[in-house]
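Work out the full structure, taking the sequences as your base and the hints as a guide.
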Amino acid sequence: MANQTLTTSAETEIRLIVDSWAQAMRAKDAAGVIAHQARDFVQFDLAPPLQTVGAHPEGLQGWFATWRGQIGYEIIDLHVIAGDDIAFCHALIHLTGSRTDGSESDVWFRNTLCLRKTGDVWEIAHGHESVPMHMDGSFRAAIDLKP
Amino acid sequence: MFDVPPPLRSRGMDEYGKTWDLFFKYHKPLQAFDIEELEITAGEDVAFAVAIMRCGSATFSGPPEQGGFLFRLTIGLRKIDGAWRITHEHHSVPADD
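Residue numbers (the working numbering), protein chains in the order written: chain A, 1 to 147; chain B, 1001 to 1097.
Honestly, the hints are just simulated from the structure, not real lab data. Do not take every clue at face value.
Stated by the list, open to error - Below, in silico cross-link-like pairs of lysine to aspartate or glutamate (EDC-like), each with a Cα-Cα straight-line distance of 16 Å or less: (1) A:K117 with A:D85; (2) A:K117 with B:E1089; (3) A:K146 with A:E74; (4) B:K1025 with A:D85; (5) A:K28 with A:D85; (6) A:K117 with A:D45; (7) A:K117 with A:E13; (8) A:K28 with B:D1045; (9) B:K1079 with A:E13; (10) B:K1079 with A:D85; (11) A:K146 with A:E58; (12) B:K1079 with B:E1036; (13) A:K117 with A:D84; (14) A:K146 with A:D106; (15) B:K1018 with B:E1089.
So, in structure tokens, the structure goes:
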């Protein structure tokens, strides 16, 4: 029972971190996004390159600058699997909003976050965001799929 | 599971099993996935693994060059009754557009 209580508490902590992280994304607050990342954070991003290591606030700020106003960043079906000091979670994200080039974005993508607890603090050690790729020979990114 | 080809997600073992139909349709025997990089972070009963994988050139999805293509893989595991079980897989390639 003691272990179950711990796990439930860890899940609650992680949901708060995911909420805070998503709120920073909506507000285009690069420092707020990075605040939850581990120093050796490994990111598999929606767009190339294959992977990045460490914080890249300039990349985030550049991407934020392509949006007018707040970003719609809705987290759907968040599942959290938490141990005492290691956890992972996955969700779908519905990304919406107006871009500075005049276009409207409306994309669903997949998100996995892996966390570890250092001292009393949960840090995001790894993030993986993606859209599927059409395997019909075209290799097009499948940005028009809905759950 | 979040796979490289559509759909957006597959839930449960029945849906997961169906995702292999596409792969094995184009997959030739003796061609496998290679693990290029792998980092494992494990606790007592929850763990995750982060990998860069190579898909062989002999699949429909691979480019014609011998090298195949690289993709990213994240795996989440839980220890259930003393055995590690994969409860989540996320495979992807970066989107070029």
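Unmet hints by their number, sorted upward, for this structure: 2, 4, 5, 6, 8, 9, 11 and 12
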